[in-house]
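Chemist: Listed below, chain by chain, are the residues.
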Amino acid sequence: EAEVAQSPRYKITEKSQAVAFWCDPISGHATLYWYRQILGQGPELLVQFQDESVVDDSQLPKDRFSAERLKGVDSTLKIQPAELGDSAMYLCASSFGQAQETQYFGPGTRLLVL
Amino acid sequence: QKEVEQNSGPLSVPEGAIASLNCTYSDRGSQSFFWYRQYSGKSPELIMFIYSNGDKEDGRFTAQLNKASQYVSLLIRDSQPSDSATYLCAVRGNNRLAFGKGNQVVVIP
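Protein chains in written order, with the numbering used here: chain P, 9 to 122; chain E, 94 to 202.
Everything labelled a hint here was simulated from the structure, so no lab data went into it.
Think of the CB as a built atom: it goes at the ideal place given N, C-alpha and C, for glycine as much as any other residue.
Mixed in with the good hints there might be a few duds.
[Said to hold, decoys possible] Taking lysine-lysine pairs in the BS3-like style, the calculated list, with each CA pair at most 25 Å apart, reads: (1) P:Lys19 / P:Lys70; (2) E:Lys95 / P:Lys70; (3) P:Lys19 / E:Lys194; (4) E:Lys135 / P:Lys86; (5) E:Lys149 / E:Lys160.
[Said to hold, decoys possible] Computed from the model, here is a short list of chain E residues facing chain P with C-beta under 8 Å: (6) Ser136; (7) Pro137; (8) Leu139; (9) Phe142; (10) Leu181; (11) Leu190; (12) Gly193.
Excised from the complex, chain P in its bound form (with noise of 0.2 Å):
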């Protein structure tokens, strides 16, 4: 059965240091999606990808989180530096379309600051 693949599963670092996630998408699916967990609350949308372009990252925070999905397959996220307030599950979704489309998320990948 297809999945959404991402790396790391876990990830410890110190404030001010960079870290970036990695997510590769069921394949076929143009939409890809980067949320955030904080334990006790539902996902938030970060960013969301059609295929190479980004059509939603509105509650992205631009001055230390940037995400990219160059040739329209895999992402990347980064924050840069860390707080210690990301401290969450950050995950990958992604879904074949935009509209009515059911979203399947990744193993996610929990991320500790220190």
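Fit chain E to the known structure of chain P by using the hints.
Modeler: Then chain E, alone, in the frame of chain P:
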């Protein structure tokens, strides 16, 4: 007002009973509705989606949608210990999926 609200606290149900979860949403133009299950430390996995008013059944799960009242619910029949998890309600509007904070369900053997 949050876009998607799941307000009830942890729900404890005996094994074999029915668990009932509710969710309300604020955007009247929302078109599609999803329930995800999330085990502790894991990522959300899709249980069901519903687009039209009424009930939709899939195995032991039933989703109910009432657009006029802006709520969606999930029933879990014959609850099993493996159903113990957090259930996330998600609503799509304006091409964005908004999640509630989730409801924890504990099934007691």
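Chemist: Hint by hint, which ones does this structure get wrong, listed from lowest number up?
Modeler: none
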